[in-house]
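Asks: The chain contents come next:
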Amino acid sequence: MKSAQTLNLSPNLGPSKPILKTFWVKPFLERLSALARKYGLLLIFLFIWELSGRANLVDQTIVPSLSTSLSSVVEMWNHIHLGLHIMASLGRVIIGLIIGLVVAVPLAFILGRLLPNVAAKVDALLRVFGLINPYCLFPVFVIFFGLGETPKIAVLAWVSVWPIYFSAQTACRNVDPQLLKTARSMNCGAWAIFFRVTLPATIPAIFNGVRIGVEMSFFILIAAEMTGATAGLGWIVHNAGASYQTVRIYGAGICVVLLGVLINRFLLVIKRAFLSFSEALSPSWLQNAKADHKPISKTTGYVWLIVFVVLMVFGFYQVFKAENLLLDATLTPDYRIWNK
Amino acid sequence: MKFCRKYFCVLAFLLLWEALTRLGFLDALFFPPFSVVIESIIHLFKIGTLGPHISASLSRALSGFALATIVGVPLGLLLGGFYKSLNDVLELPLEVFSQINPFLLFHILILFMGLGESPKIAIVAWTCLWPTLFSSFNGAAQVNPGLIKSGRAFGLRRLALIRKIVWPAAAPTVFTGIRLSLGYSLFMLIAAEMMGASSGLGFLVIRSQEAFQLDRVYASVVVIAFLGLILDGLLFILGRKFLSLSLENYLNVVIE
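Which chain is which? The protein sequence lines are A and B, in order. Residue numbers for the first sequence follow the working numbering, beginning at -5 and rising by one. Residue numbers for the second sequence follow the working numbering, beginning at 136 and rising by one.
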């Protein structure tokens, strides 16, 4: 018996190279192939983009190569304060979203739980409002709020109010009655039921609404900035398009795509870290709907959250400073800040 | 009567609008009364302006939507249901491409396709493609594997498996994406027409705004909302016929 065991073990106790091979090489290759599968297609696409520019397969003025577009990102960062434009765009989305949340969530709770009869009556009107194109409301909002930031933020708020309201209202109407009964039988007061049962049951739905709202806001933001703005990524694109600087369109496009992917990932991390208790899935038309099932640690969620908040605060501070500078620049005719 | 009760609030809102402007609480220059808006819709119809604009917008929106559906649904079903090894490969590129903003694309597409109809149809199709593709993908990926196994056990081939099991199981989810993308199609088209077009409802909005004919702005907003409602209703009829959805299910289908 003993001898057989030693016999069996003997190949493993041999020289270190085969062990290394079994321990490292195969998993390493596997990891490499997984990485290649994950990033391969994108890299090939970027490679072809770069190569077609280098080899003059397509007109450089229409499709500048990847490296040219990336260098234009750097150029814009140095010369027209790209960071401030990104923050201006992001700030509009976030303020619109906050307004949307502040309006939609209490409304959904009041109508969904306290006044279900009124909710049934108002439903048709609100659905019609949800169908109204926010972009045609732009002229109306301009009449209401004047030019400047407010109509843009109003459009974004309008876009994000409806998905948040409808998903929150549906969810808080459909809270599991068993849970409510259990809470009541434990002699919970109305507030305790609200904070311990209704709210946690609704938060995932609110979050889904937020994800849709962010997506729609990003779509509409670029368009809104194209029509009347003096800052933001949409303005850069519009300006570049009007002055035939195609490179800048691509550079700003890269920023928009990266920003969109990052925000999508950020929201997914938050969902997986803090909301994995719920069985509610992400909306099926969003990418990554199946990744919801894999919870991650709350620490990771907090790290992402803190990094996000710090970046936002820093960015908004910079925008604030730049606005004050601009104000000075317009008061004293010194336009150095414009063409540095 | 049932209709009145259901749309009581809509009617009340319109009456309130009318009353507030007629009584002078709101400036009639900025908020023309609803009756004036309706009058201007009828007037626009009579002088033959509105009809061509509506047909231009509708043909663009529907052709873009149709293009996206024809490409998106089969592609999503195939990727989600059958070629699962392709998932890993395509996940990141699809995520990145779905973030490419249609309005950025608009500027670039104009360089390729020139002005005219094709860039507008292309951006509508681009916008509509993603909800359709992802929802068909997720719908097919979430089909109960037990059903597929038993289908295989009964000797169904690939096409029969799609037709008899994957499609019926995924259809409601696919339908969610289709409904959402129909909504997006008008949404994006109006914006695109406001940015650069010489016909269509978005163009009507922007031109009336520039000419300070606010009754016409409101008229086009009302027409656009109404068109959206009609298209949504038509899709509901289709859904009820083919997927036996109830109205309650249908209204909540997007926000489920």
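Bear in mind the hints are in silico, worked out from the structure with no lab data behind them. Quick reminder that beta carbons are idealized off the backbone N, C-alpha and C, glycines included. Fair warning: there could be bad hints in the mix.
What the hints assert, rightly or not - Chain B stretches covered by chain A per the calculated footprint, using a threshold of three residues with CB under 8 Å from any CB of chain A:
no. : segment
1   : 191 to 205
2   : 319 to 326
3   : 347 to 359
Claimed, not checked - Okay, derived cross-link-like pairs now, BS3-like style, lysine-lysine, Cα gap no bigger than 27 Å in a straight line:
no. : chain 1 : residue 1 : chain 2 : residue 2
4   : B       : K181      : B       : K284
5   : B       : K284      : B       : K299
6   : A       : K32       : B       : K219
7   : B       : K284      : A       : K288
8   : A       : K288      : A       : K32
9   : A       : K20       : B       : K219
What the hints assert, rightly or not - Short, incomplete list of chain B residues facing chain A, as computed with Cβ under 8 Å:
no. : residue
10  : F217
11  : G363
12  : L364
Asks: Hints first: check each against the structure and report whether it holds.
Replies: We went through each hint and held it up to the structure:
Figure legend: the segment 191 to 205 of chain B, annotated as covered by chain A; annotation inconsistent (0 residues with Cβ-Cβ distances under 8 Å, at least 3 required). With 5 residues having a Cβ less than 8 Å from any Cβ of chain A, the segment 319 to 326 of chain B passes the three-residue criterion, so the hint holds. Chain A is given as covering the segment 347 to 359 of chain B, and this holds because 6 residues of the stretch bring a CB closer than 8 Å to a CB of that chain, at least three being needed. Pair hint B:K181 plus B:K284 does not hold up; C-alpha atoms about 61 Å apart against a cutoff of 27 Å.
Simply put, B:K284 and B:K299 have alpha-carbon atoms about 13 Å apart, close enough for the 27 Å limit, and the pair holds. A distance of roughly 13 Å separates the Cα atoms of A:K32 and B:K219; the hinted pair therefore holds under the 27 Å criterion. At most 27 Å may separate the alpha-carbon atoms for a hinted pair to count; B:K284 and A:K288 meet this at roughly 25 Å. As the CA atoms of A:K288 and A:K32 are separated by approximately 18 Å, the hinted pair is consistent with the 27 Å bound.
For the suggested pair A:K20 and B:K219, the alpha carbons sit about 23 Å apart, so the restraint of at most 27 Å is met. At its closest, the beta carbon of B:F217 sits 16 Å from a beta carbon of chain A; the interface hint therefore is violated under the 8 Å criterion. The criterion of a C-beta within 8 Å of any C-beta in chain A is met by B:G363, whose closest approach is roughly 4 Å, and the hint holds. Below 8 Å, beta-carbon pairs count as interface contacts, and B:L364 has one with chain A at about 6 Å; its hint therefore holds.
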